[in-house]
Amino acid sequence: AELFSFVDFKGSLNIVYEAIEEADFLAIDGEFSVFHKCDKFDKKTNTMIERYQKLKKLEHSMDFLLFQFGLCSFKYNYTESKYVMKSFNFYVFPKPFNRTSPDIKFVCQSSSIDFLASQGFDFNKVFCDGIAYLNKEEERQLREQYEEKRSQTNGSGTPSFISPNAAKGPVIIPEEHRNFIDKVVEKVEDLSKEEKGTIEVEPCTGFQRKLLYQTLNWKYPKGIHVETLETEKKERYLVISKVDEEERKRKEQQKQEKEKEELNDAVGFSKVIHAISKSGKLVVGHNMLLDVMHTIHQFYCSLPEDLNDFKEVTLCVFPRLLDTKLMASTHPFKDIINNTSLAELEKRLKEAPFKSLLVESAEGFPRYDTASEQLHEAGYDAYITGLCFISMANFLGSFLSPPKLHVSASSNLIEPFFNKLFLMRVMDIPYLNLEGPDLQPKRDHVLHVTFPKQWKTSDLYQLFSAFGNIQVSWIDDTSAFVALSQPEQVQIGKKLILYLLNLHRQTIQILKCLCLYYKGRCMSKQPSD
Numbered sequence: 001a002e003l004f005s006f007v008d009f010k011g012s013l014n015i016v017y018e019a020i021e022e023a024d025f026l027a028i029d030g031e032f033s034v035f036h037k038c039d040k041f042d043k044k045t046n047t048m049i050e051r052y053q054k055l056k057k058l059e060h061s062m063d064f065l066l067f068q069f070g071l072c073s074f075k076y077n078y079t080e081s082k083y084v085m086k087s088f089n090f091y092v093f094p095k096p097f098n099r100t101s102p103d104i105k106f107v108c109q110s111s112s113i114d115f116l117a118s119q120g121f122d123f124n125k126v127f128c129d130g131i132a133y134l135n136k137e138e139e140r141q142l143r144e145q146y147e148e149k150r151s152q153t154n155g156s157g158t159p160s161f162i163s164p165n166a167a168k169g170p171v172i173i174p175e176e177h178r179n180f181i182d183k184v185v186e187k188v189e190d191l192s193k194e195e196k197g198t199i200e201v202e203p204c205t206g207f208q209r210k211l212l213y214q215t216l217n218w219k220y221p222k223g224i225h226v227e228t229l230e231t232e233k234k235e236r237y238l239v240i241s242k243v244d245e246e247e248r249k250r251k252e253q254q255k256q257e258k259e260k261e262e263l264n265d266a267v268g269f270s271k272v273i274h275a276i277s278k279s280g281k282l283v284v285g286h287n288m289l290l291d292v293m294h295t296i297h298q299f300y301c302s303l304p305e306d307l308n309d310f311k312e313v314t315l316c317v318f319p320r321l322l323d324t325k326l327m328a329s330t331h332p333f334k335d336i337i338n339n340t341s342l343a344e345l346e347k348r349l350k351e352a353p354f355k356s357l358l359v360e361s362a363e364g365f366p367r368y369d370t371a372s373e374q375l376h377e378a379g380y381d382a383y384i385t386g387l388c389f390i391s392m393a394n395f396l397g398s399f400l401s402p403p404k405l406h407v408s409a410s411s412n413l414i415e416p417f418f419n420k421l422f423l424m425r426v427m428d429i430p431y432l433n434l435e436g437p438d439l440q441p442k443r444d445h446v447l448h449v450t451f452p453k454q455w456k457t458s459d460l461y462q463l464f465s466a467f468g469n470i471q472v473s474w475i476d477d478t479s480a481f482v483a484l485s486q487p488e489q490v491q492i493g494k495k496l497i498l499y500l501l502n503l504h505r506q507t508i509q510i511l512k513c514l515c516l517y518y519k520g521r522c523m524s525k526q527p528s529d
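Throughout the sequence shown, residue numbering follows my numbering, covering 1 to 529 in sequence.
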């Protein structure tokens, strides 16, 4: 896919907007600094509220960084009966653009980094060229600071770049900085006598720059323009210019425009998420709950504490979502698809009873070759996800009379899958329902069983072998949930456990008695015995 660095992104953003606007549907995928391990946060989740809280808080999971975002747009060409695809692969990184912008800390995992490196992931693209971003709250705060800074003017129209704390009288300069400030003021004094000219002050500390701003503002309220610039090494220095009033206003206008442009640039990749949200297009992902949570958290707003608030925010950002893993795990697909992992699903959907697809890359966009498998590149995984959705949607059309070869992203046939996100390793709650209450399964067929630490899953199957098929969900080393096939078996199961428990206790008591007996025999024996 197109690899966008920060420089490429600004010039190509309109191309991304156009692809989103013309698409029938969009497919997304993300790569993270840490691989989420479902077995850690699924063991004790009995309700969706608990599940959401664990996903949100486990090991600071929202501090993981989504640093590669894949986006593919798919548009159906009815004339040629084919899909046209545009693929994008964005490297994103929260680089602070100035001193007041957020300085984000994030968590990474050595095994995840090692795995991605083995797959050819280019970390230089992330850390050197990654696209910056701000979420809505960060953008709002910075814009308020920007407007406040602009409003800080005095009656004579002092430029907004003068510090809000600029003194109206002489500035108290600490002794250790006096020599530095005096030397600069002396140079400015000479400059003020000239018709025009410029002085560059060597890189200095933020406090020294503040002292200079305040001192020069007091001594030279007119005729002097002061601006902070950066070297290539990010060292900040001052440029002091002799200007007339007209030039001062022009420089001030240029500075304001530059600051505004920098702030717009800092919003960065979040503009893509805003465009997706505004379009209202169907967004397809595979096992996409975590992708959605991280996308909202990084590029839109912090995740709410309450599950219902999270659902509301999600539908605001993504009005229509579809999870291909849930789709593949649901009737009629679950009877003919054994493995729903993305790679295996893509292979299965190339076989009967599914039909072959005609999907081409748009002119000027790179092509993906599924034969070479570029899994764990976000753009490629988004592409594969889109292919899987098209295959399964078209398969639903085969049940119509007459059959339809093409089922669109707006068809009623796929509405049952809208806004339901697949849940890993939750036996009786298959999905999170974003548009209403979640499933409340009956659990009167589930037993909570405790046992010795040495036991294995096979021991539990052996213990409950008389009850037919069972499902075991481990809680920890000494307990598990055991789901029986029929609710009426529960009472029998409880009696079995109580019987075995009593039998176990009796056995322990007998063993204790035997130990005491043999201990007494041993103590009564003579050495010659």
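Rather than coming from a laboratory, the hints here were simulated on the basis of the structure. Treat each hint with caution, since some may be false.
[Stated by the list, open to error] Calculated pairs, DSS-like style, for lysine-lysine (alpha carbon to alpha carbon, straight line, at most 27 Å): (1) Lys10 to Lys271; (2) Lys242 to Lys271; (3) Lys105 to Lys136; (4) Lys249 to Lys187; (5) Lys242 to Lys196; (6) Lys271 to Lys105; (7) Lys193 to Lys233; (8) Lys347 to Lys82; (9) Lys219 to Lys233; (10) Lys219 to Lys105.
[Unchecked claim] Quick list of the computed label-pair ranges, beta carbon to beta carbon: (11) Ser398 to Phe451: 18 to 28 Å; (12) Lys234 to Lys278: 57 to 67 Å; (13) Tyr78 to Ser398: 36 to 46 Å; (14) Glu235 to Ser473: 22 to 32 Å; (15) Lys105 to Phe451: 23 to 33 Å; (16) Trp474 to Ile15: 43 to 53 Å.
None of these values were measured; they are calculated from a predicted model. Beta carbons: idealized from backbone N, C-alpha and C, even for Gly.
Checked against the structure, which of the hints given earlier come out wrong? Those not satisfied are hints 2, 7, 9, 10, 11, 12, 13, 14, 15.
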